[in-house]
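Trainee: Spelled out from the first residue to the last, the chains are:
Number of protein chains: 2
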Amino acid sequence: MALTQARTMPGTLELLPPDQIAFQRMLDTVRRNFESFGFLPVETPVMEFTDVLLTKQGGETERQVYFVQSTGALEKPAEGLPELALRFDLTVPLARYVAEHEHDLNFPFRRYQIQRVYRGERAQRGRFREFYQCDIDVIGKDQLSIRYDAEIPAVIYSVFRDLAIGPFTIWLNNRKLMRGFFESVGIADPERQAHALREVDKLDKRGAEYVRDTLAGEGFGLSADAASRILDFVQIRSHGHADALARLDALGVGNATLAEGVAELKQTLELVRAFGVPETHYAINLSIARGLDYYTGTVYETTLNEHPQIGSICSGGRYDNLASNYTKSKLPGVGISIGATRLFWQLREAKLLGGAASTVQVLVAQMDETLLPACLEIAAQLRGAGIATEVVMESGKLGKQFKYADRAGIRFVAVLGPDEIAKGTVTVKDMRKQDQVEISQAELAGALRAQLTQETPA
Amino acid sequence: MALTQARTMPGTLELLPPDQIAFQRMLDTVRRNFESFGFLPVETPVMEFTDVLLTKQGGETERQVYFVQSTGALEKPAEGLPELALRFDLTVPLARYVAEHEHDLNFPFRRYQIQRVYRGERAQRGRFREFYQCDIDVIGKDQLSIRYDAEIPAVIYSVFRDLAIGPFTIWLNNRKLMRGFFESVGIADPERQAHALREVDKLDKRGAEYVRDTLAGEGFGLSADAASRILDFVQIRSHGHADALARLDALGVGNATLAEGVAELKQTLELVRAFGVPETHYAINLSIARGLDYYTGTVYETTLNEHPQIGSICSGGRYDNLASNYTKSKLPGVGISIGATRLFWQLREAKLLGGAASTVQVLVAQMDETLLPACLEIAAQLRGAGIATEVVMESGKLGKQFKYADRAGIRFVAVLGPDEIAKGTVTVKDMRKQDQVEISQAELAGALRAQLTQETPA
Numbered sequence: 278m279a280l281t282q283a284r285t286m287p288g289t290l291e292l293l294p295p296d297q298i299a300f301q302r303m304l305d306t307v308r309r310n311f312e313s314f315g316f317l318p319v320e321t322p323v324m325e326f327t328d329v330l331l332t333k334q335g336g337e338t339e340r341q342v343y344f345v346q347s348t349g350a351l352e353k354p355a356e357g358l359p360e361l362a363l364r365f366d367l368t369v370p371l372a373r374y375v376a377e378h379e380h381d382l383n384f385p386f387r388r389y390q391i392q393r394v395y396r397g398e399r400a401q402r403g404r405f406r407e408f409y410q411c412d413i414d415v416i417g418k419d420q421l422s423i424r425y426d427a428e429i430p431a432v433i434y435s436v437f438r439d440l441a442i443g444p445f446t447i448w449l450n451n452r453k454l455m456r457g458f459f460e461s462v463g464i465a466d467p468e469r470q471a472h473a474l475r476e477v478d479k480l481d482k483r484g485a486e487y488v489r490d491t492l493a494g495e496g497f498g499l500s501a502d503a504a505s506r507i508l509d510f511v512q513i514r515s516h517g518h519a520d521a522l523a524r525l526d527a528l529g530v531g532n533a534t535l536a537e538g539v540a541e542l543k544q545t546l547e548l549v550r551a552f553g554v555p556e557t558h559y560a561i562n563l564s565i566a567r568g569l570d571y572y573t574g575t576v577y578e579t580t581l582n583e584h585p586q587i588g589s590i591c592s593g594g595r596y597d598n599l600a601s602n603y604t605k606s607k608l609p610g611v612g613i614s615i616g617a618t619r620l621f622w623q624l625r626e627a628k629l630l631g632g633a634a635s636t637v638q639v640l641v642a643q644m645d646e647t648l649l650p651a652c653l654e655i656a657a658q659l660r661g662a663g664i665a666t667e668v669v670m671e672s673g674k675l676g677k678q679f680k681y682a683d684r685a686g687i688r689f690v691a692v693l694g695p696d697e698i699a700k701g702t703v704t705v706k707d708m709r710k711q712d713q714v715e716i717s718q719a720e721l722a723g724a725l726r727a728q729l730t731q732e733t734p735a
Numbered sequence: 278m279a280l281t282q283a284r285t286m287p288g289t290l291e292l293l294p295p296d297q298i299a300f301q302r303m304l305d306t307v308r309r310n311f312e313s314f315g316f317l318p319v320e321t322p323v324m325e326f327t328d329v330l331l332t333k334q335g336g337e338t339e340r341q342v343y344f345v346q347s348t349g350a351l352e353k354p355a356e357g358l359p360e361l362a363l364r365f366d367l368t369v370p371l372a373r374y375v376a377e378h379e380h381d382l383n384f385p386f387r388r389y390q391i392q393r394v395y396r397g398e399r400a401q402r403g404r405f406r407e408f409y410q411c412d413i414d415v416i417g418k419d420q421l422s423i424r425y426d427a428e429i430p431a432v433i434y435s436v437f438r439d440l441a442i443g444p445f446t447i448w449l450n451n452r453k454l455m456r457g458f459f460e461s462v463g464i465a466d467p468e469r470q471a472h473a474l475r476e477v478d479k480l481d482k483r484g485a486e487y488v489r490d491t492l493a494g495e496g497f498g499l500s501a502d503a504a505s506r507i508l509d510f511v512q513i514r515s516h517g518h519a520d521a522l523a524r525l526d527a528l529g530v531g532n533a534t535l536a537e538g539v540a541e542l543k544q545t546l547e548l549v550r551a552f553g554v555p556e557t558h559y560a561i562n563l564s565i566a567r568g569l570d571y572y573t574g575t576v577y578e579t580t581l582n583e584h585p586q587i588g589s590i591c592s593g594g595r596y597d598n599l600a601s602n603y604t605k606s607k608l609p610g611v612g613i614s615i616g617a618t619r620l621f622w623q624l625r626e627a628k629l630l631g632g633a634a635s636t637v638q639v640l641v642a643q644m645d646e647t648l649l650p651a652c653l654e655i656a657a658q659l660r661g662a663g664i665a666t667e668v669v670m671e672s673g674k675l676g677k678q679f680k681y682a683d684r685a686g687i688r689f690v691a692v693l694g695p696d697e698i699a700k701g702t703v704t705v706k707d708m709r710k711q712d713q714v715e716i717s718q719a720e721l722a723g724a725l726r727a728q729l730t731q732e733t734p735a
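As you go down the protein sequences, you meet chains C and L in turn. So the first sequence is numbered by the working numbering: it starts at 278 and just counts up by one. So the second sequence is numbered by the working numbering: it starts at 278 and just counts up by one.
Each statement offered as a hint is correct.
Which copy is meant is left open, because identical chains are indistinguishable; a pair holds if it fits in one copy or across any two.
Computed list of lysine-lysine pairs in DSS-like fashion (alpha-carbon distance at most 25 Å, straight line): (1) K607 to K680; (2) K677 to K607; (3) K418 to K677; (4) K418 to K605; (5) K674 to K418; (6) K710 to K680; (7) K710 to K628; (8) K677 to K710; (9) K607 to K418.
Just so you know, the hints here were simulated from the structure itself, not pulled from any lab data.
Build the full structure now, drawing on both the sequences and the hints.
Mentor: See below:
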């Protein structure tokens, strides 16, 4: 029979078990922290009705959408777009979910969602067509206190502290502050503001001089002074809490919107500190815009101090109205998203991921098949104590079994020979320390539990 | 602006947070048990290339497949089937995964996979187009000891013991035993065996008499005696370990295949007992066939003793060769699948699911916004002790905050008023017991931790 070549679509990240374990631990850490702050789990179907999904998106999004058809539908002549499509983020499904279940939810509604999303991107290194997003949002009904804006950095801090991938900074800005400032230098039109922001976005890549020249150039037509003031403004970064407040005060009160933005950002910073986020881990960065239409207040980005090239690993912000396409209710909210698949891939590329231990903690070796029942009993004991235990079911050379444990990253190998069984003991080899002890069967689970708990990864 | 109606595709199970928490706990319990037996995590992309996915399936499968196209592909004239399709189970992706990564895997390869699959079913109550499968498989290279067949019921037992959904029975059979027996009554042709099995499958619905008459009728043409013997055979069920062995011995040795099946099943039963599965929880059931082409040895089903109408909640078996479509390597294996979405739905319908506690364990109430920093400090302390804690960020009536906790299923409400802050205490209300204690801030986390651990659900 002719074989079909086993292969996967480019743009997906399919992992071998050791990497999958490391990735799963990352997702578990994210989830544990989301839950620890009182966010509730939500999962939505991967498919949405096309008209629901593409309510307001323009052509760009539509070109990246995957459409879904059952075989029956394929046979019908196509009229317009197919009925179903895969979600491209978790925000549109959240909006649909909240609108659909509005009367069954408690507000403020705090949800987390950790699922995959799909984008028909061109295949390219580091670009994914299927990737996990880990989102939290707090949604208010009619209104939502700005205090929630300060909780978000507290969650971000605790997630990345526990992921232990090096020092990081949570950058804060406020769209009102930005909008007010642009107005104060004479850019009042939202389209022109958007244009200016797109230029400012090139700051990192093209440098300050390039951006200043563009803004003061013929296409844009600002005065050299206004262009310089914009550049000074967007390059403001703080170092420490007091510095952040001082830099905001130094902006002065150009207009009401600017003043409101400054007040909101100051209040947020004060509360971020009250949440216990160390001031080494948050700062203001007045260049952060995060999309041009969606966010209306606080915006966030997060970067790894030692790996700025990775870019923002967690972003989001405050929006005025989540679900205006589906409901007349006003649903303001604030939230963030971590692109876990891309983050994992980047950390792996940057060699920032240590080798994860196997999910299997003990391998019970087998010397002789007549001893198998005794091995199974020991294994049941260990599992009862919460220790993940694999039993070698076929007898074979002990050396080969040790090698298997070593390659698989299994920490302990338990050996029960006739001697051990006679004495009621087990010989345990610690594959990491390469030492070996004989221990009574009654004490085995407790002893291993103690050693494993000592160094459970965060 | 015209609103789009927020709605989801029929055949998906989108849950409100309390149910989602209960469902998530179910998946967590399944995963913890899979890991406890040393199975390694694997995730595969939701899309597969159509030619890979549909290698050998017939028309039935194809009619149920969802095909996927990006917008670009939609614009091209359709030629044959679209390039991509959503997986309809986790077995084909496993075969593709093992063939693709064969040289990077350790054999026997023990993997678990908990992901959603997609079938274009007709919309119907209790039928899902998107549902979770929780699979484990052990895959050998060239050969795989039959001992692994005994490990599977041990995993099934520990999963459903921990799910605590009532007494259950793991039913075992062996296709060789079945095949040998059919040969011994004169049905040697595999097609005729398949036909007879389809009739036998109607046993529960149509009754023994109907099946016997069909087998002895004109369409099938067995002698009345042969039909009766088949009926006697497939109605064999055991009660207890010794009874199972005795019933197998009583079958006699009709032919070599039957003898082999009996020997395998006896060996499996002995080892299932050695794995510590109580004999109240496993039995032989010689009517179980589980599909007609795929399985070649041991087969499993699991039913809830008090809810037989739910049918099998966990099924699987032994197969000779996993991935013959993709590789010349011989890859025998054994595995099972739990259809978690359907199971959850059925348990809910049968009112077998207790109300799950919220993932949020403590709500820190707010009496006065000036006290918020103190509340945040207490919350950080609790989170540090692994207690999921939500803080009310807006001051409001205390009664309303208690009501919120009650509706959301949050067990404890912590109140910090000016008195408490002066004394360094917190007042804690246990919403379940409806009692209230004042406790020092230093002891709070420990005290709550102790109460919460006492009754952590399995």
